Amino acid sequence: MSGNRDKGSSQPAEAKTKTQSMSDRLGMFRMPSARMRGQGLRNQRIHTHLMEMMLHLKQTIEKNLMHLTTRHLQQDLVLEEERHSQAASEQEALLGRLMYQLVNLLQSGAVGGLGLQPSCPSLDVRRDVRGGQWAQSSRQPDWPVHQLSDLEATFVSQHLSSRGIDISALYHSSFQDYKIYQRDKYHEDKNTMGFINLGLSENKLCLDLMTERLSQSDMNYIEDDLLQYPDWRGQPFLREEVAQFLTYYCKVPDQLDPENVVVLNGCSSVFSTLAMVLCDPGEAFLIPAPFYGGFAFSACLYSKVELILVHLDSEVTDANPHPFQLTVDKLEQALLEARITGKKVRGLILTNPQNPLGDVYSRDSLQKYLEFAKRYHLHVIIDEIYMLSVFDEFITFHSVLSMESLPDPNRTHVIWGTSKDFGISGFRFGVLYTHNREVASAVSSFGYLHGISGIAQHKLCRLLQDREWIDKVYLPTYRSRLQIAHGYMTKKLEALGIPFLNRGSGLYIWMNLKMYLDPCTFEEELLLHRRFLDNKLILSRGRTYMCKEPGWFRITFADKPLLLKQAMHRFYQVLSEQKQDLIMKQLENAQRE
Amino acid sequence: MFTLPQKESKAPTTCPGPASTQDLDSNHGDGLERECSRKPDWKLPEFCGVGDPTATASSDSSHLSSRGSIIKWFWDSAEEGYRTYHMDEYDEDKNPSGIINMGTSENKLCFDLLSRRLSQSDMLRVEPSLLQYPDWRGHLFLREEVARFLSFYCKSPAPLKPENVVVLNGCASLFSALATVLCEVGEAFLIPAPYYGAITQHVYLYGGVRLVCVYLDSEVTGLDTRPFQLTVEKLEMALQRANFEGVKVKGLILINPQNPLGDIYSPGELRDYLEFAKRHKLHVMVDEVYMLSVFEKSAGYHSVLSLEGPADPVKSFPLVLSASPHEARLPDPQRTHVMWATSKDFGMSGLRFGTLYTENRDVATAVASLCRYHGLSGLVQYQMAQLLGDRDWINQVYLPENHARLKAAHTYVAGELRALGIPFLGRGAGFFIWVDLRKYLPEATFKEEMLLWRRFLDNKVLLSCGKAFQCKEPGWFRLVFSDKTHRLCLGKRSHLLTHPSVCLPSSGPRCGSSSLSSCILPPSYRCQCGCPFFPGMQRVRQVLEGKSQVPDDPASCQSQESGNQRSGGETPPAVL
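Going down the list, the protein sequences come from chains A and B. By the working numbering, the letter at position 459 of the first sequence is numbered 459, and the numbering carries on one by one without gaps. Counting the second sequence from 1 gives a position; the working numbering is that position plus 593.
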């Protein structure tokens, strides 16, 4: 909103025009009749496109079938099988691509209604890498790649809306690995051949401590208030506790105000609601890349907000003294480029400690980023979900809340949750802290849709309250276990000669497997990822973090030693195989030349 | 800052303008049903959709997006009402002059039973897997339990399948998710009005989906056998009108038992509605959140999941007479989505547990894709599985007691209303009575309705008024009788005998109301020496007795509660 509205205006006519322009800008909330008819026209246009595409699809299928039949007849039997499978996969790719385009076209009806430009999907993974921008709404280049391998998700359901199809497909492709894992989890006794998931950033180091703490009798308390409709911002007792907790652990100079706290069922929900209330569809946030893929998922799922990437480099130069360093220059440049293309940038997303890099921002850098944001009236959403997971004692984490004075307190919004720091991702608890009451109120409207059970709120309150246990039992144990696991993992990586970032925070290591890729492309990265999958090891690859350089992977180490050992064994095997293949490939190439 | 143009809009509006509506819904006190009365779009009254909150949402703020301002407006107007109540909540001992909430549809009568059950040792289990990222559809053990539970209580002819179940944090989320995956922005669902108003906000916030009201009349006309009867003709008309207006309707929302009417649809009616939806390829979302709160056995509740072939072809509409008995049990199973939650039936609205049952895998998958944002704690999932699985406790302890208490409270309030000569609907289901206070309005306007509502609040009793449910006739109120603030003594259940210690003389206020023959005393509540203690009703009575514009006519008082109103041949009593 551009603040051009006179408060005292009582002229209906004027009010009406404003309303009009507001709903124009709003896009999402449209009135029926006239616009609906407009939409109808658009649909007609899409319809024609659709028919054309169907025709094309039909022709392609026919052509391919023909091709296949003729091949069958001509082929000598020896090569038959090999070529057949090749042809089949080609066909699959082609069909998949067409199906995907169809879905996109259908969906562009909805997207068009949102005032976004429907663009053709890019299946070429490399294409979008160069562009600083990354259009959302499932036209993200990353997902279609998955979809090719599984047409089921792309199929147009006659029952779902186009955005419903979109959501299903997006979810399916984004969490495919997770679904496979859910079906076939590794278990040290029961299922030693199951998948080991080191792709998910989940803290499994202290489940014993948490289980024990949560089983204590103070946790089991039922009061009628807990079973009744709550304050949708979160129960007052919990918000109070959260304010105290954050005051203490974020080292806030003044006591935080419980009225500035909103509690929802998870940090994804907090981010999703922030995106809703800070941006209109098609507006954008800046985000340094590589970054946690959940932001992208959330941004496009409900809120249709774009993310504009601030690409960071691994290479160290004068302008880039540390690998993947975020500088104000890079922020300025990305903002400028976005503005030139007419994008309205509403904010900046920071994660501190960073995921996947593990970077912890210095107080000085933080100050600079915030000042940059202030200069351009940008909101800053700062996700501090790993704030207690800094295990290197030489590194100090500075919460944005610890600053003596925030450059722009009304535009600074902090997210925290217990999923990572306490390893209870199944608890579904996320916190927003913002000085901006407007934002807090607007987010609270979503309380119905992201509410937490009163019973769980009580348990969380007890947990956060138990400062003694946290300080004397939980955190020391947690951090020392993190250190040990991290030490184990880094030693293994060093032995393999794999470069990685050693940052002393988080549950994961950002490593470079570029030397196992030839050529060094995202296709090869994906193939390597698949190879890990084939060996029942799930890692997450750089592409899902929008890293612009192929070859980076994130590996989680916050798991039991035995499991890590097994995982590293598989890891080593895959890389050996990969190496072998590379050598073969190089030999072949050399022979050809 | 963000302000609603309260003063500005007062001038130009004649009948209930945004100003009055804002007051109204900001205060009518139901934590959940504050939303839908703020429809500033009076030009299109048939679209109770959010219409155009932009008309009233203005903002000088540079901090929120335009949609953010609208979203915030939902909160502000809602929160204000809640705040009024919460700042001055009634407490028998600490704040006996506080506000009594008869507006929020919550069942607080069985907290003693629930807290005892939830404190049993089987509830306290903590397992590592419950603390980790779940299957976003809900843990399998819970989905299995839900499937068994619904199969049993919905009397499903065949066992329901766990893979058709999606679990999330409440029916609000479910409405939101379904709206998002079934509709494009700007499309709509049909909903018979009056209806549970919060749905407006649920389908709108994320989904941008609107509701098209199928308005029901209090007057019994044509083939109707009862007031506010939903018929296929009314559905057809509303759909046609929407089509004419260029609004694309994608589905129909049915609430059964209905809120706020307390209506229960017969199998024949249900089938008619479903056939209507099938003809027009509409999805049907059946919200059965009150299914176990039918305290009058004769009411004969049937879940949509219990349907088996056309139940009663004679009663069916001519259009579906062709349906053969061999037909599938649901007319369009792929477009029928059933919702249930523990909020009402187990009096745990704060627990945030809701579930979807749909045979449509695409819909289940799409909703599950959104569950990342609408998940509930693993520990709570475990507790719910334990609760739903305890068939003995539910059947032998909880349900009989809950129904007895609901019935007693209902009987008392109904008796009071009858004594006041106030017509009402209440059919033996739900926590509320739909009350006709039209004769207390000097003019049949929503403004007057609001004034009356305010008078109640001034007398420290919070009700929900018809406008909040999109009722098209001013003067209807919903009166919730299941609050814990009242106590009723029951001769026949005689807690006085089994718990003599709880029968203490008290200095608390007496209701001073008319005679009472049946009521109950939840054991945890103190008794007032045989005198029913229902201060809310007392306040309602005070307001009405001081305000009544028309002399009471006891002859006009005909209640419709309980009994079999649907038995065709009987002359249906008019709602008066």
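What the hints contain is simulated information worked out from the structure, not anything from laboratory work. Quick caveat, the model's predicted, so the values are computed rather than measured. All residues carry an ideal CB built from backbone N, CA and C; glycine is no exception. Among these hints, one or two may not hold up.
Cross-link-like lysine-lysine pairs, in silico, BS3-like; alpha carbons within 30 Å at most [unchecked claim]: (1) A:K190 x B:K754; (2) A:K565 x A:K190; (3) B:K827 x A:K179; (4) A:K330 x A:K344; (5) A:K185 x A:K565; (6) A:K185 x B:K754; (7) A:K368 x A:K330; (8) A:K179 x A:K560; (9) A:K185 x A:K472.
Per the computed footprint, the stretches of chain A lying under chain B, defined by three or more beta-carbons under 8 Å from a beta-carbon of chain B, are [as the list claims (entries may be wrong)]: (10) 211-225; (11) 429-443; (12) 447-458.
Evaluated hints:
no.: 1; hint: A:K190 x B:K754; in the structure: holds, 27 Å
no.: 2; hint: A:K565 x A:K190; in the structure: holds, 17 Å
no.: 3; hint: B:K827 x A:K179; in the structure: violated, 45 Å
no.: 4; hint: A:K330 x A:K344; in the structure: holds, 18 Å
no.: 5; hint: A:K185 x A:K565; in the structure: holds, 16 Å
no.: 6; hint: A:K185 x B:K754; in the structure: holds, 23 Å
no.: 7; hint: A:K368 x A:K330; in the structure: holds, 12 Å
no.: 8; hint: A:K179 x A:K560; in the structure: holds, 22 Å
no.: 9; hint: A:K185 x A:K472; in the structure: violated, 33 Å
no.: 10; hint: 211-225; in the structure: holds (count 9)
no.: 11; hint: 429-443; in the structure: holds (count 6)
no.: 12; hint: 447-458; in the structure: holds (count 9)
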